[in-house]
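There are 2 protein chains.
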Amino acid sequence: MADHNALPLVILAEKFASLPGIGMKSAQRLAYHVMSMDKEAVEDFAQALVDAKTRVHCCKICQNLTERDICPICDDEERDRSLICVVESPKDVSAFERTHEYGGVYHVLHGLLSPMDGITPDKLRMRELLERVDEGGVEEVIMATNPTVEGDATAMYAAGLLKPLGVKVSRLAFGLPVGGILEYADEVTLYKALENRNYM
Amino acid sequence: MADHNALPLVILAEKFASLPGIGMKSAQRLAYHVMSMDKEAVEDFAQALVDAKTRVHCCKICQNLTERDICPICDDEERDRSLICVVESPKDVSAFERTHEYGGVYHVLHGLLSPMDGITPDKLRMRELLERVDEGGVEEVIMATNPTVEGDATAMYAAGLLKPLGVKVSRLAFGLPVGGILEYADEVTLYKALENRNYM
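Chains as they are written, first to last, in my numbering: chain A, 1 to 200; chain B, 1 to 200.
Next up, chain A with everything else stripped away, as it sits in the complex (with noise of 0.2 Å):
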């Protein structure tokens, strides 16, 4: 936006195509049409993004986003502690979540291995992983990073640490499209990967 636009207006399109995946002109459009919403409205906005900010943080357990100390799926006594799935992000136990067919923990890694890009293991939620199932209960985990290179590499080398510590180690199995994107996949596919998945 050039200058004889409003500047709040300049700023807030601004704010808008910082985000992933919009652009300058959808940035403009947005900061326009805020312009068009009730004043609670975006007020309730700016006060959802502060709350998302400062009242979420990562479970102590298992590194998923939550407002509590213990999200609610660690806290949920009928889940099956002695499995665990390891995801690369929350967006991914959404996924999973969906498909009302797991019935285990999981564990979120924050990231993948991608030691090009400087992701080392310590940049990961690996350390965190290591010693919730060093502390035992643990049967089995599963390694539900996507079907990707760094997923791979993530899968394998988590396996390699954990097989020592005596669990079971499995990779979901290769009915997702190789090279997909977890998150994308539908609920069937999501859950028959699951079901065949391949021991490590």
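Take these hints with a grain of salt, some might be off.
Same chains, same label: a pair holds when it works inside one copy or across any pair of copies.
Said to hold, decoys possible - Below 20 Å or equal to it, Euclidean Cα-Cα: the simulated DMTMM-like pairs (lysine to aspartate or glutamate) are:
1. Lys91 x Glu101
2. Lys39 x Asp51
3. Lys168 x Asp44
4. Lys163 x Glu140
5. Lys25 x Asp75
6. Lys168 x Asp38
7. Lys123 x Asp38
8. Lys168 x Asp69
9. Lys91 x Glu14
10. Lys91 x Glu67
11. Lys163 x Asp44
12. Lys168 x Glu77
13. Lys123 x Asp80
14. Lys163 x Glu77
15. Lys168 x Asp80
16. Lys25 x Asp186
17. Lys60 x Asp75
18. Lys25 x Glu43
19. Lys123 x Asp51
20. Lys163 x Glu135
21. Lys39 x Glu140
22. Lys25 x Glu187
23. Lys39 x Glu67
24. Lys25 x Glu97
25. Lys25 x Glu150
26. Lys25 x Glu183
Since the hints were derived computationally from the structure, they do not count as laboratory data.
Position chain B relative to chain A; hints supplied.
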């Protein structure tokens, strides 16, 4: 997002999804992205939302969005006040300003006539336009609404009211692709359309 997600994240995703052109999947991604931003950046974003809504309003003269009483264009002594370019929305003012070729002033209608959708002349800033012209000093009004059914109808309607006031009324040349959206025209096309305007 389902129940297992942290509530503030669910709320934030819903806010993003309420914006035009953002689906639930994108909204979730944006909400997660906010989690990865600095606390300060999130607070700035929230403030930008509220600022845009509370500090920006319509210019008393041209009805364009501004944070002052009179917008910088209406306030610019070098602009030709005898020439008014009438547009649908503030986005269109930005489009014309990007041509760096237009030296007149603007009038923003904040919509187009569409009786089927209940948008009658009293819902637009039509009265304000007639008052401006009636005050004198205006020689020509360029109807620069989109070359669509609603844009043409609005231009025709305005022309019918403006011509009795003794001003020339012109319409943008149909150098614009018919049925197209003004906002997406490139600078040269837009300037050609302005230059070749037809008197009504």
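Checked hints:
1. Taking the closest pair of Cα atoms, Lys91 and Glu101 come within 20 Å of each other only inside a single copy of the chain (17 Å); across copies the shortest separation is 48 Å, beyond that limit.
2. Both within a single protomer and between protomers do Lys39 and Asp51 lie at most 20 Å apart by alpha-carbon distance, with minima of 18 Å and 10 Å respectively.
3. For the homomeric pair Lys168 and Asp44, neither the shortest alpha-carbon distance inside one copy (47 Å) nor that between copies (47 Å) is at most 20 Å.
4. Proximity of Lys163 and Glu140 under a CA criterion of 20 Å is satisfied intra-copy only: 10 Å inside one chain copy versus 81 Å between copies.
5. With identical chains, the CA atoms of Lys25 and Asp75 are never at most 20 Å apart, being 44 Å at best within one copy and 27 Å at best between copies.
6. Within a single copy, Lys168 and Asp38 get their C-alpha atoms no closer than 55 Å, and across copies no closer than 38 Å, so neither meets the 20 Å cut-off.
7. Proximity of Lys123 to Asp38 under the C-alpha cut-off of 20 Å is restricted to the inter-copy arrangement: shortest distance 18 Å between copies versus 42 Å within a copy.
8. With identical chains, the CA atoms of Lys168 and Asp69 are never at most 20 Å apart, being 28 Å at best within one copy and 70 Å at best between copies.
9. For a Cα distance limit of 20 Å, the shortest separation of Lys91 from Glu14 across copies, 15 Å, qualifies, whereas the shortest one inside one copy, 26 Å, does not.
10. For the homomeric pair Lys91 and Glu67, the shortest alpha-carbon distance inside one copy (16 Å) is at most 20 Å, but the shortest distance between copies (39 Å) is not.
11. Taking the shortest Cα distances, Lys163 and Asp44 never come within 20 Å of each other, neither inside one copy (48 Å) nor across copies (46 Å).
12. With identical chains, the CA atoms of Lys168 and Glu77 are never at most 20 Å apart, being 23 Å at best within one copy and 78 Å at best between copies.
13. In the homo-oligomer, the alpha carbons of Lys123 and Asp80 never lie at most 20 Å apart, since the shortest distance is 28 Å inside one protomer and 60 Å across protomers.
14. Taking the closest pair of Cα atoms, Lys163 and Glu77 never come within 20 Å of each other, the shortest separation being 26 Å inside a single copy and 77 Å across copies.
15. Proximity of Lys168 to Asp80 under the C-alpha cut-off of 20 Å is restricted to the intra-copy arrangement: shortest distance 15 Å within a copy versus 79 Å between copies.
16. In the homo-oligomer, the alpha carbons of Lys25 and Asp186 lie at most 20 Å apart only across protomers (13 Å), although the nearest pairing inside one protomer, at 31 Å, exceeds that limit.
17. Taking the closest pair of Cα atoms, Lys60 and Asp75 come within 20 Å of each other only inside a single copy of the chain (11 Å); across copies the shortest separation is 58 Å, beyond that limit.
18. Taking identical chains as interchangeable, the C-alpha atoms of Lys25 and Glu43 are never at most 20 Å apart, the minima being 24 Å within one chain and 23 Å between chains.
19. When the C-alpha separation of Lys123 and Asp51 is checked against a cutoff of 20 Å, the pair qualifies neither within a copy, at 26 Å, nor between copies, at 37 Å.
20. In the homo-oligomer, the alpha carbons of Lys163 and Glu135 lie at most 20 Å apart inside one protomer (14 Å), although the nearest pairing across protomers, at 85 Å, exceeds that limit.
21. Taking the shortest Cα distances, Lys39 and Glu140 never come within 20 Å of each other, neither inside one copy (51 Å) nor across copies (37 Å).
22. Taking the shortest alpha-carbon separations for Lys25 and Glu187, only the inter-copy value of 15 Å comes in at or below 20 Å, while the best intra-copy value is 34 Å.
23. In this homomeric assembly, Lys39 and Glu67 come within 20 Å of each other (Cα to Cα) only across copies, at 16 Å, whereas the closest approach inside a single copy is 27 Å.
24. In this homomeric assembly, Lys25 and Glu97 come within 20 Å of each other (Cα to Cα) only across copies, at 15 Å, whereas the closest approach inside a single copy is 35 Å.
25. Taking the closest pair of Cα atoms, Lys25 and Glu150 never come within 20 Å of each other, the shortest separation being 33 Å inside a single copy and 23 Å across copies.
26. Taking the shortest Cα distances, Lys25 and Glu183 sit within 20 Å of each other only across copies (9 Å), while inside one copy they are farther apart (27 Å).
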